[in-house]
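Engineer: Read off the chains here:
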Amino acid sequence: MKRNYFQFSLTKLLAVVLMMLVNTAFASAANRVKGNVKDSKGEAVIGATIAVKGSPSAIISDADGNFEITVAGPSSVLVVTFLGYEPNEEKVGNRSYIPILLAENSRAMNEVVVTAYATQKKVNVTGSISQVKGRDIAAIPVSNIANALIGNTPGVSGLQTSGEPGRNAADIYIRGISTYGSSTPLVVIDGVEQASEQAFKELNSMDANELDGISILKDAASTAVYGIRGANGVIIVTTRRGLTGKPVISFSTNFGLTKATNLQKGLTSYEYAVLRNEGISNEMNSFAGNDGLAAYLFNDDDLWKFKNNRDFTPTEVSAMTNLSDAQKTSLNNSPALYYGSKDLYAEQFNKTAPQSQSNINISGGTDKVKYFVSLGYFSQEGITNATEYHGSNTGSSFKRYNFRSNFDIDVVKNLKVSINMAGQFGTTKGPGTSADPYDLNSRYKVIMQYIYDGNPFLCPGIIDGNLINNYAGVAGSAQNPLGVKTGSSIGSQNAVYNLLISGTGYIYNSLLDNSVKVDHTMDYLIKGLRSHATISYQDNYNRFVTVSPYLPSYTVQRSTANPNNLEFFGGTVGAGSFNSWGYSNWNKLYVDAGLDWSGAFGNHNISALLLGKGSKYTMPSDNNNTPSGMMGLVARATYNYSNRYMAEFNMGYNGTEQFAQGNRFGLFPAYSVGWVPTLEPFFPENDYLSFMKIRASYGTVGNDLLASGSRRYLYLPNTYNLNQTGYYLGNTDGSTKSTYYSGATEGTLGNKLVTWERANKYDVGLEMRFFRDKLSLVADYFSESRNNILTTLGTIPAIYGVSSGSVPPANVGETTNKGYEISLNWTDKIGQVGYFVEGDVSFARNKIIYKAESLGKYYWMNSTGFSIGQKFGLVSDGLFNTPEELSNRPYNEYTSNKATLGDVRYKDLNGDGKINSQDVAPIGYANYPEYHFNLKTGLNYKGFDLKLLFIGTANGSYYLNSGYTIPFFKKAGNAWNWMYEGRWTAEKYAAGDKITYPRATFDATTTDNNFLTSDFWLRSSNFFKLKNVEIGYSFPQSGILRKANISSLRIYANMNNVYTFSNALSSIGIDPETTDGSTYIYPLTSIVNTGISLKF
Amino acid sequence: MKKIFVLLLMIGSLGIYSCEDYFLQKPDTSGTVNLEAIYGSSKNATAALMNCYHYSLLHGWPGGWGVGHGALASISGERSRGYSWHGTYQIVSSGLSVNGSEGSDGGADSYASSWANIRNCFVTKENIDKVPDMTDAMKGYIKAECTGLIAYRYMGMFYRYGGLPIVTKSFDATDEMTIQRSSLQATLDYVLSLCDEAIAGLPEGDWSEDQTGRLTKGAVMAMKAKVLMFAARPLFNASTPYLDNGVNNNLICFGSENSQRWQDAITANEAVLTWAAANGYALNNTGGAGEGQPNPNALADYGNATSTPGNREVLLALKWDDAGQGGWSDYAIFYFNNTSNLWTNSRYDTDQVGLLSNFLENYYRKDGTDQSWPKIGDAEPRPISDWIERIENMEPRFRADNLTPGVQTVSNPGIKGWTIETWNRTLGNSGNNDIYPSIYGDGRGCASTTKFYFNAGTRTWFEAPLFRLAETYLNLAEAYNEAGNTTLALRNLNIVHNRAGLPAVVITEKSALRSIIQREKAVEYYNENHRYFDVKHWKLDNIGNGIIGGQMREMQFRATTGLDANLPTSLIEYWDGNVYVTYWNPKMFLEPFPQSEINKGTVIQNPGY
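Chains A and B, in that order, give the protein sequences. If you read the first sequence in our numbering, its first letter stands for residue 657, the second for the next number, and so on. If you read the second sequence in our numbering, its first letter stands for residue 84, the second for the next number, and so on.
Be a bit skeptical, because a hint or two may be false.
Stated by the list, open to error - Listed next, the in silico DSSO-like pairs over lysine-lysine satisfying Cα-Cα at most 30 Å (straight line): (1) B/Lys683 with A/Lys1503; (2) B/Lys670 with A/Lys1554; (3) B/Lys499 with A/Lys1393.
Quick caveat, the hints were computed from the structure, so don't treat them as lab data.
Could you build the full structure based on these sequences and the hints that come with them?
Structural biologist: Here it is as structure tokens:
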């Protein structure tokens, strides 16, 4: 609570400061009226012109649709107009507050879209572009903009590697993956291209309240001007700017609770013991030489104790002659120390953690200066239980402060200067950071390894405030009765203990982004000519430190004299450690300058753009990272005739550091056309089909990066690295070392001839609106073929002596990617209830045509011909249920043919009687699904509004790593409920029960029959979930609000990852939006959030 | 004014365009240089050579064979198999895989890294003449060294794979690289020609003191002698191969058994001895007992020969002296050989590599007779006093190379970290509740290795001997015996046998003597990367029955609850037990080529894979 108070007062303080900063007097007049402009969806219309009929006074509605204007009297009439809407006239009457509803223009002729380097009328757009409004992003209570985009627009989707605060951004893709090279889209923020090295860094640190909107450019026509960087689609982000009018202060704050969406269900210690006994018996009975395993079996007394949570059976207690009856009774009722039961997974990850966000912004402007200034604060805590012990803490957290100020200054009549300044300051804290804090894999291994290596009873954690790392007694004695039977090859694992000692890491990050844009209209020279230039500088600084306090730890045992008492030993306190891992920083300079022109000759509308740009990314903190640069020339020409026929030519001409002079620049043209038949004079006005547009585009875009993305200057000849591993020379008898001579090695080999990877993209689109625009349809079909993909040849024999990652690259790869997006929207009003329903389907399927891989004997052994990311493994054929099935099996070369009843049966694909690498074939799909579905619906009634977002996918696969599937790893590792419930036994098979897991095994490895890579462990990642819900209420303009000068007040609640319908991964505790490939996953989270927003 | 403004803007926008150098040119700030810079100075060229030495000679040692964890001894039936995540464990469980194990590209080797080293050596050899500040004599030596290092890698591949593609230069990307495997004979001829070229070009005698460790004529002569031994042994020197390979039989077999190959081996090995004698190298025997007599200083002489850097029995060692705690793959050589408490870098990853009972039985008692160890099926366990008495009566080589539960080290007596009290983990398989004849733990066997660390004190690194003169004598014993010269066979055998403090062998029957020579090689070269290849090339009948494949056994010790099971006072009794069965298939006589290479269609796979 203390923290929240602090937060609130901080934001209040900021508000005051802001108000003082923008010292604009509130206008006061006798005949002032206020009002608000909304559209039929209940959303504010920004920038609408409000004029008083017959008078020169006019004003523009502000960022929330509010306005205030002087009128002559009650008979005055306000004329409200805005592009894309039907004009509306309202008589003032006696009202002082006038709500105005603008009906959207049936043909939405003037709606605009932000595109590359321009804003275009939507009707004239010939490329495939979808848009997301800033407020739709802000309605999703997550910290990363990328995550909020998922589901909000067709063709954009992603997977998430982690649910940890500050590290939970999703990897998003536009129209799927179409190259086995880099598939990361380009992000452009306010016209400034982000560095490929830090593609999402700034976007994901932005406060959603700063956003005006996001455009997603998907086809060649819309992305060609980005040439080099546009091949994977472009995300254009526009931040909010001030509008002429008095200052409007908006304040919003919300608070929510996050928890894991799904956790793997553990076993009780009793179930664990039963399953383990069964596994041991299976090994002993099936394979010779395993008699020794009998030592690990739990006996009936052990099982009784596990089941009853007692360390002694009543018989054992009554045999303790040294105890009084009272002591015996007490002991009979004493919960177990040695035979307890803990769900390690839940204990670590079941915390419900707070999240909060606040923002205050002020916007407004005069004829000369317009401004938008915003301050934001975001804080999120992780779901790891924040166990505190002697200064160590196992929690995760992320805090971020955002600042943005956008100023537009009209210096002279035809010169506008825009100055944008933004800052993002984050602190990320988390456990498991004794190593590189950026190495999430290692960290999550530290965080999760002990959950997998431990078991429900292995070590008790913290007892009476003492951190226990082992039992004091000798293994096998009464003071450590299970030490021998546990037989752990690793030791007494204790998840809490290991997490506590794993160190806490802090990453302090600050990112500053400043840009200046000059816009000069040159009507004096040629009407419609404009020149503009942008310069931007981003600077990012990270510092990371780790703290590892020395933790006193204890061993524990029940007293031999009176087992009712616990005895603790140990507890030494030593020195802790503080490590600075140093800092890293990067900065990026971006400049562009261009000319554009637009003009109309009768019904012929023509525009043109010519722009040059360059950028340089530098990472001074990394000696090995030389600055990277990019430059290009952009040209565009558009033509339309009466908004009916459109044609557009776009061109990017880009250079890259990757290729030699001569091959360095690539030309990427795109052509597109559009036709709007409904605007044809011959087309009858009707209520059924109100709008129709057909558009098509073709173009080429490029890529200059290898799949790994790490190699630079691909054209340079053989490189050599000095100060590599060397050798010792000299004569020593071992008392001293000889003299070391450092070595030099050959690095990567270049190819002077390499040049651009090219993608030829086709897109055909259809946009239709029916029933007076109530129903709208947008459909796109796309087809892309990539050739000249930058590839390191996998076909060069080893005798070349150059590792496959270092061989000269070549432009040889070829892939295709085809698919479609369909979006249907119904928006209507029943009485006062406005509502909408929208459904999107997107599909993308890629295929590797050529990859320069060495080809296997059978087609299924190759990647060629299959999807990028296609999984390969043995093909399972159920389990060996009968001795006949077992004895007729082909010889398994992976396991020396070791198998028994209840084991996985594999298919001998080539029929050679052997299971070997020739039987490894494509299984399932790639991890990234082919189909994505969004279902959005919402309604508003008076002040209430409700929005629901459902998302789903199909044709995706998730491979369960061996860490999930092998129980009792290293003899005492964990086992899970889904194994217990689904395991094969002869009895269950005979009874016809559902069997989803092989027979119980003990101490198995990945070379054992059941755990070979196969489709047995492949799960469908298909899912359907209620992704987001928002419900809100806007208070009507009542006297109190007006007195308090509050122009709008809204309260709302929203939830993210609300409910996931049962899917193939539910039982394993994995959220289907998780990236596969690791056993160590910080679970994804859901949130329930409530908030309030108000405007002055 | 306005026009000037427009002009400025236009110049500005195009001006950006003229900044190609600023935006796109590679800045001159990176640490990389080009070929000219490497061979533009003696210092850099030497650096290239040093890298060649390090990686060429690491071949087969931990960190240098592709498999992440483990040593060859764990797949040759000397030491236990390691943890389940070790590549050695995977190989022992399911054999050599065409897809490799734990990081190797195929089988138990890194095929690709051999070629990478060969390339590096060729590049240096081909470019060394460009170096301006180096004498012609030194350039000649370096070329010979590169040739010798190429021969070393070729030798390693020759006895692993059989016939190989013959590469005679560093390839350019545009070269034709689809070179098929040559016949075994052509491969042998090529390796021998490389050896001869290197021998001819290397300096006479030793390098100066500060350059010791570089290839000498003697080292390459020993290499040549070793190659000829593998050519003469029955796996290759036969009319039919170990598995029929059809028309490609000549890749894995000479096609006829020819006793001349043994004569060639004898000549080459005698030449090594001649060179050694002329240059001050000799088998380390300081006892002065005279020929045919047991050496009274056996422990120290054998210990120093295997462990003391720079000793005169070693013709060539892998001088990678850095046992720092850095990136582990290069350090794995120490990691899997120094299991003492002085080595602290993840030492618990080496808990499961103890001495197998199968191999223990090769060692002699110090009087030269066989030791009587517990057997599977014994009626009852033996008391620990029996164990201690038997260990104390083992031959010096056993005591130098192994530390066993309950018996103090003789190789580093009293040194903290090497004693049974300070070892700080259990030396053998032991438990408190262990009940005969069950086996509870496995992996630790009955001893931890202390080889290469005789009198090492606190030194954690060692220099791995690559060519040690004992091998030359044992080669001669083997070759003379095969050639029918029993007298010289025995004489050479006994030079090694007597040095170990054992009385002379007198058996003259050829096959019995062959077994004794093979046993001598096993013991003398325990954990020294010989056995994995020797037993295959000897084509031992029992190779799949307790040597490489078959039932592996380890001793089990019962200890008193709660006490340090390394101490004699804690140990109660011991017995032998079956621990795991190792996969063997005759295809494993030679290594598989990586499947990825087969898929490229340029090499023919060895039979059975």
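Engineer: Does each hint fit the structure? Answer for all of them.
Structural biologist: Evaluation of the provided hints:
1. Only pairs whose Cα atoms come within 30 Å are accepted, and B/Lys683 paired with A/Lys1503 is accepted, the gap being roughly 22 Å.
2. Under the criterion of a C-alpha separation no larger than 30 Å, the hint pairing B/Lys670 with A/Lys1554 is consistent with the structure, at around 19 Å.
3. For a cut-off of 30 Å, the pair hint linking B/Lys499 to A/Lys1393 stands: about 21 Å separates their Cα positions.
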